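K.L.:
Once you've looked at the hints, go ahead and assemble the two chains, each given alone in its own frame, into the complex.
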Amino acid sequence: MRPSLARVYRIKSFTLIFQHKPSFVAANHHQRTPIYFSSLSSSCPNLQIRKPQTPLFLRAASYSATLPDLKKWHQWATSLASSVGSTLVDLDNGPDSTLLLRELNWLIQDSFQDHHNSFIPQLPTTEFTRTRVDSQVVKLRVGLDELYRLWRQRVEERRPFQYIVGCEHWRDLVLSVEDGVLVPRPETELIVDLVSNVLLKESNRGLRDGLWADLGTGSGALAIAIGRLLGKHGRVIATDLSPVAVAVATFNVQRYALQDVVDVRQGSWFEPLKDLEGKLGGIISNPPYIPSNHISGLQAEVGRHEPRLALDGGFNGMDDLLHICNGAASFLKPAGFFAFETNGLEQCKFLVDYMDRNIKGSICNVSIVSDFAGIPRFVTGFRQ
Amino acid sequence: MSSLIYKRLGAKSLLLSQNRRTQGHLVPFIFSSLSESHEYHGSIQNRLVLASGLSSFLHTTVESLSGSNPDHSNSSFYGTQSRHSLHADSKDGFCASGYFVSRRNISGFCSTLHPNVRSLTVSYQSVVTSRWFRLVGTQAAVEPSTSDELTMDRIVANQWTILDENENDWKSHAAAIAQSIQVIKRRLQWKKLMVRLDLLSVQLTKPDLWEDPVHAGKISREHGSLLCKMKEVKAFEQELLEHIDLIKLAREENDTELELQESLKALLRMRRDSKAKELEALLTGEQDSFSCYIEVQAGAGGTESMDWAAMVMQMYKSWAQRHGYGVIVVDEMPGEIAGIKRATIKVEGEYAFGYAKAEVGVHRLVRISPFDSGKRRHTSFAAVAVIPISGDGSTCVQINESDLRIERFRSGGAGGQHANTTDSAVRIVHIPTGVTATCQNERSQHQNKASAMAVLQSRVDQLEMARQAQMNAQHTQSLTDITWGSQIRSYVLHPYRMVKDLRTNYEVSNPDSVLEGDLDGFILSYLSSCLDRDEDD
Chain A
1 MRPSLARVYR IKSFTLIFQH KPSFVAANHH QRTPIYFSSL SSSCPNLQIR
51 KPQTPLFLRA ASYSATLPDL KKWHQWATSL ASSVGSTLVD LDNGPDSTLL
101 LRELNWLIQD SFQDHHNSFI PQLPTTEFTR TRVDSQVVKL RVGLDELYRL
151 WRQRVEERRP FQYIVGCEHW RDLVLSVEDG VLVPRPETEL IVDLVSNVLL
201 KESNRGLRDG LWADLGTGSG ALAIAIGRLL GKHGRVIATD LSPVAVAVAT
251 FNVQRYALQD VVDVRQGSWF EPLKDLEGKL GGIISNPPYI PSNHISGLQA
301 EVGRHEPRLA LDGGFNGMDD LLHICNGAAS FLKPAGFFAF ETNGLEQCKF
351 LVDYMDRNIK GSICNVSIVS DFAGIPRFVT GFRQ
Chain B
1 MSSLIYKRLG AKSLLLSQNR RTQGHLVPFI FSSLSESHEY HGSIQNRLVL
51 ASGLSSFLHT TVESLSGSNP DHSNSSFYGT QSRHSLHADS KDGFCASGYF
101 VSRRNISGFC STLHPNVRSL TVSYQSVVTS RWFRLVGTQA AVEPSTSDEL
151 TMDRIVANQW TILDENENDW KSHAAAIAQS IQVIKRRLQW KKLMVRLDLL
201 SVQLTKPDLW EDPVHAGKIS REHGSLLCKM KEVKAFEQEL LEHIDLIKLA
251 REENDTELEL QESLKALLRM RRDSKAKELE ALLTGEQDSF SCYIEVQAGA
301 GGTESMDWAA MVMQMYKSWA QRHGYGVIVV DEMPGEIAGI KRATIKVEGE
351 YAFGYAKAEV GVHRLVRISP FDSGKRRHTS FAAVAVIPIS GDGSTCVQIN
401 ESDLRIERFR SGGAGGQHAN TTDSAVRIVH IPTGVTATCQ NERSQHQNKA
451 SAMAVLQSRV DQLEMARQAQ MNAQHTQSLT DITWGSQIRS YVLHPYRMVK
501 DLRTNYEVSN PDSVLEGDLD GFILSYLSSC LDRDEDD
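Residue numbers (full-length UniProt numbering), protein chains in the order written: chain A, 1 to 384; chain B, 1 to 537.
Bear in mind the hints are in silico, worked out from the structure with no lab data behind them.
Any given hint could turn out to be false.
[What the hints assert, rightly or not] Now the in silico label distances, taken between C-beta atoms and shown as ranges:
1) A216/B to E202/A: 30 to 36 Å
2) N505/B to D69/A: 47 to 53 Å
3) D69/A to G326/B: 24 to 30 Å
[As the list claims (entries may be wrong)] Now the stretches of chain B that chain A is said to cover, found in silico as 3 or more residues with beta-carbon under 8 Å:
4) 417 to 425
5) 445 to 455
[Unchecked claim] As a list, the in silico SDA-like pairs of lysine to any residue whose alpha-carbon atoms are at most 25 Å apart:
6) K341/B to W106/A
7) K341/B to T98/A
8) K71/A to Q321/B
9) K71/A to I328/B
10) K201/A to R405/B
The structure displayed is predicted, hence computed values, not measured ones.
Glycine included, each C-beta is placed from N, C-alpha and C at the ideal position.
Chain B with its partners taken away, still in its complex shape (with noise of 0.2 Å):
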């Protein structure tokens, strides 16, 4: 198993080898954490290359209290795999995850701990860390407080002014870091996802779960995401309450102002940090990680809204190109002078489905129509679908082969050798649903049917699931949301620039940044207003 150096420059702290086993009654808490060596100064820096029996590698920097006593220090570090997790603003950078446990404390035991964690979504693969969890979450009953019990809803209930990031208060910190803690939880469903946690955790020991393995992958899937979550949060709130006790037991020793700092610090990471987590916690829908495809429809009024339609779904291949995310055009029906009147793209990788399902509803542009001599202004609209790509066969609707009705798409004249052509679209309608799909961009008929069926396969899936929604009160809501018809956002070029959204109100002034793909403001703002909403009832 893993077993590591650690080696100090400042020679006070000795050197740790353990393995997994030890660290079991050793460790009470793991915190999994990401550091960014960059954001410390004054502090020692070692960089530490691990390579764990799981052949997974961790690359982090251990940053530990400099000018602490050698208690402080006997650190152990344990880390898991690295891994990539996606942020709507964040830039590709390096995450790892560990645990980092160090030894001191009244409770015998302390832990610094690197916050920048960006994973609240991501499920952990290791079979060592759902283990971890696991050992934890049979310990986390206790409700966790600091040493003069202070606990979360008592941080709270103090109503400590939560000042700026700048004012170096803890208080502010510690209050600020508890609310964003109280919105993640609530975005996460926090009542509800402890129930369902534990009715899967039931699940999960009964004998004969196995017996169906494709449910039972399911059911344990589901409950390992569920339980990385929420010991997320209960490793950051563990990591609050342990540096408020830092803070006190610093003042009551009358340590150095120095180390004082370090926790104020420490603080401020987490509270910079807990505003990250809390974006995170709002992709944490059933098929948000999925890839997705985004469709644009022209709304009436002929070439200038095709026009809109063409920049609209332009917007789309540019955001997603600025995520990294991969794009095919499937489908695509050119206007007849300028623009599309419709159009499907592909968009390929990890929370497509999350980000872009904020962008469904009917999309309105105002400006002096570049085709309209008269230079008058114009109104038009083009309308968005989001459709989900679910990436396991489970939840697929089963097609029947007979139910289909497959035609050559735009075909004229005689067709066979009379005709040489590279266009083999096809259209392929599902009989019993009338759902049907189009591709053309394929280079043989075969492969634009095999593309023209994914396509129709998600669609018909996504019927089957709005219309189980439809009997889950729960999912009432949302449903409404991804209907044609309403309004989100309004795109004015003229006579003043504008574009806002309808349903947030949220606004920015430059249109053609936003027409370029920066839409994360948007969506974001768009994700966090449904979700707090939701909370509401």
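So here's chain A without its partners, still in its complex pose (with noise of 0.2 Å):
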């Protein structure tokens, strides 16, 4: 692991707004390209619009192959999995076996086109031997050979499942995602229930049709899933600093039919809010928190292959946290909502301490709410 260059770049006054902070873009996961990005200059050298991947599922059924050539390999693709075990879980918390076997299932869903009449994941490999003719050939969104090439990078090179298939299912939503842009996780699907809750509330009304702000998008979870809660006006602008994130969100928002809803914007936090201050009625955000000397021992689909822009939060791992609190001072509106996702205790109560001693007339209701493991994981709270 290369040592950090935020610790480097890390930025020791927290007023600052705009900070120079150094990123790396994942073109693919064996090497990363520091890019800088001046926080002055309102356009990105580097700006270019990319063609995101399409998701394996939404790709066409082009390719084929015989039932005997399939079941080789989910034969090969499950001892492989089989042989996993819990090595992985003691190494650093990675997948065990039982999980890879689920997600060889969800992999058949997604690359098979009818892969409930032929093979059905559910069944144990006598079942579909028995009843299935030898010389069917079944129809596939991808090569047999991509399938083991797919298959060995999971499980080999610890390649996310997420970027092997290009999507990820958060909520109800299924977002496509690819190398350079955070999978979104579990935890941070509570944050729109969060929001669900706040927006429900009677005295909140207004906030339906206010605009809202999702700072680091990434995949545009966050932002996709809180424009289909807000009313008839209410709009989310995301933000994030990586090209590629700006155009996996914009493919995501564009396929949930959200363009009128979701802005997405290509900047540092709110960089690209500049004339908002003090009109926003929302503002969420998943941004780095994993404390530089952390990235080093990550499980190996994190650290090796997920952007490290997306999860290095500086030294203690509350540099955009901060810098993002401080904003949400100035940039919400009187009884706007703010919810953060932390690492975890102790960041909550750094940001609790830090928003009583720093922000206190601003800031009212702050409060720490647990996650479904039962970790304090989100900061909230309302704009006074």
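P.N.:
Here you go:
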């Protein structure tokens, strides 16, 4: 692991709204190219219109393979998954065989045209051996060679499953993801519930048709889910520094036909929102919060494959959280709501203390909310 | 409304077209029937397609007595929708129901009907149908009899010898059918059914009924369903009596032997059919038609019994698939070495619960363990639970969000950005009852939560129903049936090979076929033994 550049560039003062921050956009999982953005220039030198990858399940079934060949692949893939046992769990809290086998079923689900008719994943090998004619040809969305390659990548290279199939099921959404974009986490789903609860309250009616911001949107998960909660006039601005994330989020927004509701803008945190100070009804964010010195010890799927830009939160992981927190005080309109995801109890407390000391007058009703694993995960509150 | 044209090949009959209103006074009896043309030989068959104003389709084959005098065949056929009814041993055959009415008889009318009625338990939805039934209901007060006043009870009382089906003796057929009808009535709890029907009829006439639409809907659904069952049995009785009349008449008038044979054939069909009806009468419980969850839990004994639990689960998956049910794995906890600790599947389809409920209890396996290097004989246990998924929201217990504790299942480590995992399993605990549910097979936490919530709702509902049933003496017996502890079936693979149900003593000597999902024999024998025992009380 290379030394953290983030640490070198760490900003000491929390009051700076626009900070210089080195960032990494992983072109692929083997090499990372650092890209530096100037916070003052509004246009990004690297900005180009990228075409995001199409998730496996949306591709045309233009490949095919015979059933015996697929069976052979399935047996190989099953035994590869089984050979893992619980070694990866012990190593770095990675997947065990059971989980990998479940993922294998999902890979089949996504890559077979009629998976339920031909290759029912729930049935044991004997069942489809018996009931299927060997000469039968199965339509695939990806070549058989590619299936071998993908599964090897999954198990041997620990490439995240979501990158293998190009999508992540998140809440009731299926979001396109690819290398360079953080895979939205199950924990983050809860932010949507938190917002939903706020919107349901009669006193917060105005927020339903207000302007919301999702900072560091990644795949666009939060922006899309909240865009679907808002009223007729509600809008979400989703920002991200990474051009890959912007492209993918834009694609996902279009897939859910929310172009008129969610506006994806490239830039660092509040930078693309310059003219909106004091006007936002809500701010949500899942910013990078992993302390830099934890990066090297991360689970291989995360450390080796996911974009560091979306993970590394500086020395104690608080750089971006504090930055966003300060920004929230000035960008939220009175009674505006915020919810941020953190690394756990320590960061939650830190954030609450920080707000208490520095922006006490402008923030109220601050609370810490735990995720389903019981870890204090979110800090929420309102602008006074 | 539906009108139809019936053209007879034999040119003896006339064309008949009727609408419902005119039929209203013409027709004393209505039979819902189903025809299977391939069973009829030597008869003239006409295919007839009918599209009624209700946009229901009937495609059926009308059979008429060949060589009969013209009076016999002035028939009208009135059809309603075709429907699919599920039966344990039936292939997905085409079923149609219709009312077949023909004019001729001592009483002025006679009916010939196609007896393969398989829909005792399916409620009619057509408005026309239920209206028809009500019409009949008012006329059915007099006990039906033949021209020489032979009633159902008298047929049974005559104690005619029941011979083999192949013996072409009408008395034997009639006695067998009458006996079946008795069984069916017993299974339907006939007297209670009549009382209940009267009660519901009274309630339906109350002017303020629809002020509570949910309740009213329930009442009217139950009424329709019971009425339908009652009519079907009565129609079947009537049919029997008419065939007896026909046979007697044929003898008196020295009709051709052929005609007698036709009636005998019809009786034989009825006799075979009555067996199927007996089975259908088994699934008349309120929840029988629902989908269900089937849960299998490994007993003590480690890998050996976890492997057995997996075999049992597989048996149910195959069974469900054979019946065309949808199968979804909701929750599965694999064993460390082999098999499963427990698993829950959702079985979707009509009557899934009605059949699967017969499987509740402990299943025992005796075999040489493949996991024992010493090749010793092992006994393993797996427990099976079956929970109905109520179709309408009306029976649901209201679960408050605040009574729930939702936990990430099998979580470890810091979570959040630290972990990239596709495992988003959740466990939901309903604090007041302690009922829990887990789901890990969905691809998002949100979906896992929704799925677990559905399981939890069903479990809490079941608990509530059990509680209510406890207060109702009638159900005390069935309540003890669903408790876990009881061992219901033994699967022996060594030293001999046999599967035996300990409740019914039903047994088969081929365990493989049973483990591949051939469970119907066990299920039906249990269901029939259950209901027949109930009636003795």
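K.L.:
For which of the previously enumerated hints does the structure constitute a violation, in increasing order of number?
P.N.:
Those not satisfied: there are none.
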